[in-house]
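Enquirer: Respectively, the protein sequence lines represent chains A and B. Per this note's numbering, numbering through the first sequence is continuous, rising by one, with the last residue being 203. Per this note's numbering, numbering through the second sequence is continuous, rising by one, with the last residue being 158.
Possibly wrong hints are sitting among the right ones.
Claimed, not checked - Simulated DEER-style distance windows between Cβ atoms:
#1 Glu-198/A x Gly-124/B: 25 to 31 Å
#2 Lys-85/B x Val-108/A: 38 to 44 Å
#3 Ser-203/A x Thr-109/B: 29 to 35 Å
#4 Arg-87/B x Thr-151/A: 48 to 54 Å
Derived from the structure by calculation, the hints contain no laboratory data. No experiment lies behind these values; they were computed from the predicted model shown. Heads up, the beta-carbon is just placed ideally off N, CA and C, and yes, glycines get one too.
One letter stands for each residue in the lines below.
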Amino acid sequence: MIEQDGADDELDRAFMALADPVRRRMIARLSRGPATVNELAEPFAITVQAVSKHIQVLEAAGLVTRSRDAQRRPVHLAPAALEQLTSWIDGYRLAHEHRFRSLDAVLQTEKEKEKKS
Amino acid sequence: MTNPVTITAPEGVPFIEIVREFDAPVAAVYNAYADPALVKQWLGPNGYDMQLEEYELRDGGRYRYVHVDPQGNEYAFNGVFHKARTDELIIQTFEWEGMPDFVSLETARFEDLGDGRSRVTGWSVFPSVEARDGMVENGMETGVVEGYERLDALLA
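Next up, chain B with everything else stripped away, as it sits in the complex:
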């Protein structure tokens, strides 16, 4: 059984909260966010090539990565790590280059739950409700595309 994702996107407020628990201790989860070799393995949609150009998790460090879909379309993201506190907290800016200048501020809090379990709480604050909705709709596209892929797999 996988752990459920809880997403809260209140109407009329440019904010999203995402909460997820993991069957791993907090140090291992933080490490998966900190080690570029591991980040490359999970931070991207299924079937997309992940090009991690820069990823320096420290106060003031930068990151940039490009997702390439099977048709060769590129989706680039970049930002700066405002704060990185091991096993506790990451605060970073986030910009999808397809919607430039709409930079969101993202906070991830890492919590130890004992028994080798942990929880990550993510907050995203967008410049406007429209910018948030644009990101969600972009996510919807990914979801629909992955829906096709699952359908293809089912029919193959």
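Here chain A stands alone, though its shape is the one from the complex:
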């Protein structure tokens, strides 16, 4: 069972797990549906063993789960663990949100400059 500060540890593990670009791309792939280890390995120039290691890290962080189907063992995303980051589009949205807020700030500055002149 999780102790008092267990939630913090879990968050730490999740962020540590996501610090790696390969694992982030795996999460991105899984946000569109479960996949087998071989399917997850496909876009990377690394061994299936290395991919399995990455999956173990994600599993330990509670970000993904593996079903019991022994033959295929597809990997699933554990949506609750990621919350804002799970959605395939959310990072893209966040990037644009930041960009447009910067544009808001530029427009505000220009407006003030105009008032002064």
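Fit chain B to the given chain A structure using the hints.
Expert: This is chain B only, laid out in the frame that chain A set:
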């Protein structure tokens, strides 16, 4: 309160629409897209250095810029302005050099909403669904990285 971003990325179609309104007249918003000194200030992720090497907003003009993250990694983008019509329309090609030859076609339409407000509607058409998804996943990386930065700020 900030204006919401509406992003539509239909499944199975290599297309994305992004709509955003601004509390500024259309001439000011267009100018922020047209003046390189202003573009440099907003076209890039937070905390990244923005190197605007070339930016000539006119029919047939070119642009190239490089985002440098705090670790020194460079992300370069380039394209050509197909059409630029003041306060109305910008059509340009867009290529992330990390995924060369996957050039998307981007249209931005500028609309006056009255009362000093305006709307920009952006359309991106990618060469394939995979190319679009690659760009979105790249955006996801940025989002995750910025998520860390916010977490760092929170914990500092």
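Enquirer: Each hint needs a verdict: does it hold in this structure or not?
Expert: How the hints compare with the structure:
Between Glu-198/A and Gly-124/B the Cβ separation comes to about 27 Å, which falls inside the hinted range of 25 to 31 Å. Hint check: Lys-85/B to Val-108/A, Cβ distance near 40 Å, so the stated range 38 to 44 Å holds. Look at Ser-203/A against Thr-109/B: about 33 Å separates their beta carbons, and that is inside 29 to 35 Å. Hint check: Arg-87/B to Thr-151/A, Cβ distance near 52 Å, so the stated range 48 to 54 Å holds.
Hint violations for this structure: none, all hints satisfied.
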